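Numbering (this note's numbering), first residue to last: 28 to 478.
If you are wondering where the hints come from, they were derived from the structure by calculation, not from laboratory data.
Owing to the predicted nature of the structure, the values given are computational and were not obtained by experimental measurement.
Be careful, since some hints might not be right.
Restraint ranges, calculated between C-beta atoms of paired labels, are given here [claimed, not checked]:
id	residue 1	residue 2	range
1	F94	D339	41 to 51 Å
2	A167	D339	46 to 56 Å
3	Q244	D339	56 to 66 Å
4	W291	G92	49 to 59 Å
5	P55	P194	17 to 27 Å
C-beta atoms are modelled at their ideal positions from N, C-alpha and C, and glycine is treated no differently.
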Amino acid sequence: MAEYVIFSSSKRLFDRYFSFWILICCLPLLFLPKINLFSIAERESAGVRIDDLILLVLSVVLFWGHFILQKRLCEIERWVFILTGFSLFSYALNHLMLTFHLLHVHASIFYCLRLLEYFMFFYVGALSFQFVKLSTIIKALFLWNLGLMLLQRTELIGQFSILGYLPTASDRVTGITSFPSEAGLLLSMLFCFLIYDEEASLSRLCVLPAFLKIFIQKTYVYWLFLICVTLVIFTGSRIAILALIVAFCFRIIEDLKKASLSSWIIAFIFTSAAVAVIAIAIMHTDSVFLRSAQLLSFRNFELVEKVWDHIDLSQDPIGRENVRNVNYDTSWWIRIHKWCYALKIYYTHPESYLSGIGPGFAMAALDGGFLRILTEYGVIGCCLFWKIFSSIYHISKQLKWMILVFLINMVFFDAYLAYKPMSLLFFAAGSSYTLACFSTLRCSCPKRPNS
Numbered sequence: 028m029a030e031y032v033i034f035s036s037s038k039r040l041f042d043r044y045f046s047f048w049i050l051i052c053c054l055p056l057l058f059l060p061k062i063n064l065f066s067i068a069e070r071e072s073a074g075v076r077i078d079d080l081i082l083l084v085l086s087v088v089l090f091w092g093h094f095i096l097q098k099r100l101c102e103i104e105r106w107v108f109i110l111t112g113f114s115l116f117s118y119a120l121n122h123l124m125l126t127f128h129l130l131h132v133h134a135s136i137f138y139c140l141r142l143l144e145y146f147m148f149f150y151v152g153a154l155s156f157q158f159v160k161l162s163t164i165i166k167a168l169f170l171w172n173l174g175l176m177l178l179q180r181t182e183l184i185g186q187f188s189i190l191g192y193l194p195t196a197s198d199r200v201t202g203i204t205s206f207p208s209e210a211g212l213l214l215s216m217l218f219c220f221l222i223y224d225e226e227a228s229l230s231r232l233c234v235l236p237a238f239l240k241i242f243i244q245k246t247y248v249y250w251l252f253l254i255c256v257t258l259v260i261f262t263g264s265r266i267a268i269l270a271l272i273v274a275f276c277f278r279i280i281e282d283l284k285k286a287s288l289s290s291w292i293i294a295f296i297f298t299s300a301a302v303a304v305i306a307i308a309i310m311h312t313d314s315v316f317l318r319s320a321q322l323l324s325f326r327n328f329e330l331v332e333k334v335w336d337h338i339d340l341s342q343d344p345i346g347r348e349n350v351r352n353v354n355y356d357t358s359w360w361i362r363i364h365k366w367c368y369a370l371k372i373y374y375t376h377p378e379s380y381l382s383g384i385g386p387g388f389a390m391a392a393l394d395g396g397f398l399r400i401l402t403e404y405g406v407i408g409c410c411l412f413w414k415i416f417s418s419i420y421h422i423s424k425q426l427k428w429m430i431l432v433f434l435i436n437m438v439f440f441d442a443y444l445a446y447k448p449m450s451l452l453f454f455a456a457g458s459s460y461t462l463a464c465f466s467t468l469r470c471s472c473p474k475r476p477n478s
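Construct the complete structure from the given sequences, taking the supplied hints into account.
Here is the structure:
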């Protein structure tokens, strides 16, 4: 109890009872699909949700607590607030340039505040520390998604979208998310946490025979990978498949550096099985197999020059693509039009190189997170995002790998705008950061002599 009082007085804004009720209201948001009450614009995927209202109340309470107690901000808090302020500055510059007819595209105030809204889960994670282990939440979220995705794959249930529940499931499963690419990223992040979880859920295996316990311990990562890679293939997100394989390979390499012969044999058997599972799953998933027929064609790269030279910057390219899709990879064809549109606007406005064109000008989905950050926030914004991701990266090993697969997905996906992955990332960061602070306090407190 003494330890809790010390920790509470130095790090907590609220008492245990109030924290519990905040957690009761906010923690279910991690598990519930996002459904818009109403949309904010015709061509936007975002809208106002129940989540927004709950998180708004939480933010008011938190900022009031910070102000009253004059609590010092931690590193990640400082960078998120600085980025939010810079986003508003970039938004104001955008409208100033519109006034003087130096720009023709509009930034959106909602994109300035979206990351700050997601960041509220950092505090939810911090508050959850005294009630439930982070690993328990991660396992529950993984099993919940596993069940939903299997039911969607077998067409026993439909899918959730921003517009509501759709009784008919598509070929690409989504779990609790609204988009397949978001589901693929979420699964990749859950996988990275679970394979680097020190407990690894194996402490309860003591009731099993010794040989069976050893077998499960040695093969746990492989079984988890086979499950996750199959589910990610079902989402049809090719970049998420790559990110998952990269994380798995590095984990296996790390394990085999000091492994016995039996571990090498197990690795060979399961890796061979994984290759077979991936091949079979891809061949039986049209959203991956058929879409990838022209993926490696050199014509896709020739497309870049054609689109760049002919892109019309006066209008949104979606539905108005200036180069016809003739034997191009469809997703690549769409992306190139979006990318050339955003990048050429940025390139032709040198006055925006530092501050960006403005948050949200590049459509609802640019399908390229790094490019979106550069064009919307400029060089300064890139540095601020780097500081935020770097702050999370150094909290724990699990978060290090969650960030790495997150960044891989960012190449072809606006991952930092995805609600479920970002809420999970900030939640895990808040819980892990609080655990690290608590451990530091325990180590720094002098031990009482035995009486």
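Each hint tested on the structure:
{"no.": "1", "hint": "F94 with D339: 41 to 51 Å", "result": "49 Å, holds"}
{"no.": "2", "hint": "A167 with D339: 46 to 56 Å", "result": "48 Å, holds"}
{"no.": "3", "hint": "Q244 with D339: 56 to 66 Å", "result": "59 Å, holds"}
{"no.": "4", "hint": "W291 with G92: 49 to 59 Å", "result": "54 Å, holds"}
{"no.": "5", "hint": "P55 with P194: 17 to 27 Å", "result": "23 Å, holds"}
In this structure, every one of the numbered hints holds.
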